[in-house]
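In the order they appear, the protein sequences are chains A and B. Numbering follows this note's numbering, in which position 234 of the first sequence is assigned residue number 234; successive positions increment by one, without gaps. To convert, count from 1 in the second sequence and add 1000; that's this note's numbering.
Hints are computed from structural coordinates only; laboratory data are not their basis. Computed from a prediction, not measured in an experiment: that's the story for all the values here. Note that beta-carbon positions come from the ideal geometry of N, C-alpha and C, so glycine has one too. Incorrect hints may appear among the rest.
Output of the computed footprint for chain A on chain B, the stretches with three or more beta carbons under 8 angstroms from beta carbons of chain A [as the list claims (entries may be wrong)]:
hint, region
1, 1016-1024
2, 1082-1093
Per label pair, the in silico range of CB-to-CB distance [what the hints assert, rightly or not]:
hint, chain 1, residue 1, chain 2, residue 2, range
3, A, 238, B, 1124, 54 to 60 angstroms
4, A, 263, B, 1012, 57 to 63 angstroms
5, A, 159, B, 1156, 31 to 37 angstroms
6, A, 20, B, 1005, 23 to 29 angstroms
7, B, 1123, A, 143, 30 to 36 angstroms
8, B, 1123, A, 288, 19 to 25 angstroms
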Amino acid sequence: MFKYDYYRAETPDEVCEVLARYQGKARIVAGGTDIMVQIREKDKRWKELECLLDLSFLEDELRYIREEGDQIHIGALTTHTDLERSEVIKRWIPFLGKAASTVGSPQIRNRGTIGGSICNASPAADPLTPLIALDAWTVIRGRDGERVVTLKDFYTGQGKVGLKEDEFVKEFTVRKLPEGTVTGFAKLGRRKALAISRLNVSAALRLDEEGRIDFARIAPGCIFSTPDRVETAENILIGRKPSEELWREAGKAVSEEMIRRTGIRWSTEYKQPAVEAIVEDALIECCGSQFA
Amino acid sequence: MKKIEVNFIINKKPVTVEAYPNERLLDVLRDTLKLTGTKEGCAVGECGACTVILDGKAVTSCLVPIGSVEGREVITIEGVGADGKLDPIQEAILENHALQCGFCTPGFVMSAKALLDENPDATKEEIRRAISGNLCRCTGYEQLTVAIYEAAQQLKEAHREQI
């Protein structure tokens, strides 16, 4: 068993102070749904862990979903259950609610937070792809105040996020999708409940008055070393009408981008057709099945 | 590693425990408070055998660091039912033969109770979803779904009679 101390943060400032004092040997716990498993499995990452820094008592400061003008602010301690049930999310960015509803199990969704999900930097985190599709920003709090980076740039490499020793994530901010946009989230896992995504895709589309696509976002998960939208696939959709054929083209563009960025691997033979199908599923979910 | 003091409400009674920071709620329930109705299965949040209700929500107690429970309210299987009587969910599970070895049963009862406390009108689909984080390896899920649905009807009936 690893041995470490426990510290309950009572203010956001205290979080930064304790993080700085332990110089990288304190780790934040919120819902515990990842780190408690990693500690249990004696993950080498936590061999030197000296302090578990509990953020879960900062709910007043960090657990919120706020609508402000054309933006939505999501506090880091917002749970997956909160996201799944939020009327604001349902109204403006429904694929984030859908993605959150597929995380783990009810028990995991009741505890796990969006901040933890993102900061653990697993490329398979379900709420990640909708946030990437939305070009979300990350609001980071440190001893010297707050700074904002795009979520895409927050990921500095596989499994790594750009936080300095005294910093933690306070909030994710997104712009509402344009009125009339429809969204989809599709996921491939090994079983229905509790599956960690093998692949997932978030998509958003809007049709103009003539039924042509004039807004498109496609963000696949698990296939790049750091998360990103696939603009080549989005551009294929713009100006065209939904059709099965068009969804296939978009799926191909995503798999080509995957191969371009990560090369041919042992898993490509499986991943290529699978990712194409998942992209098509997400697009079908956007527009209903009338075209499929 | 210094012990920490944690105060919380367990099955409606306040309790103070001293625990090591690396203990989980599950450890304190079973080893310190001797509430062994809560079972340890996988210890990594996958099986749901250790499910308890924390501030009204079903959670797996193997993933809760004990320090996080300060000031909160925990209900375990020992806190379900009243005056020596089983909870309607437990009665319905017996009635419907919805258990064999019984190891997973407390976890299922807690998931079901968290659902019905919040939504007594739960549909079978909502029941299936609520117990999707609980694994049973001998009886299966159909009898459990039927039992929990029956319990929900009974609870509603009892509620109507009260009014």
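### Query
Do residue 159/A and residue 1156/B keep their Cβ atoms within the hinted range of 31 to 37 angstroms?
violated, 48 angstroms
### Query
Could one say that the CB atoms of residue 263/A and residue 1012/B fall in the range 57 to 63 angstroms?
holds, 59 angstroms
### Query
Has the hinted range 54 to 60 angstroms been met by the Cβ atoms of residue 238/A and residue 1124/B?
Once the Cβ atoms are compared, 43 angstroms apart, the range 54 to 60 angstroms for residue 1124/B and residue 238/A is violated.
### Task
Examine the region 1082-1093 of chain B: at least three residues should have C-beta closer than 8 angstroms to a C-beta of chain A.
Three-residue rule not met by the region 1082-1093 of chain B, so violated; n is 0.
### Query
Regarding residue 1123/B and residue 143/A, is the given constraint of 30 to 36 angstroms on their beta-carbon distance met?
violated, 50 angstroms
### Task
With a C-beta cutoff of 8 angstroms, work out whether three or more residues of the region 1016-1024 of chain B approach chain A closely enough for the coverage to hold.
holds (count 4)
### Task
Hint says 19 to 25 angstroms; check whether the CB-CB distance for residue 1123/B and residue 288/A agrees.
Because 24 angstroms falls inside the window, the suggested range holds.
### Query
Taking 23 to 29 angstroms as the hint, is the beta-carbon distance of residue 20/A and residue 1005/B inside that range?
holds, 26 angstroms
Figure legend: structure checked against the earlier numbered hints; hints not met, in rising order: 2, 3, 5, 7.
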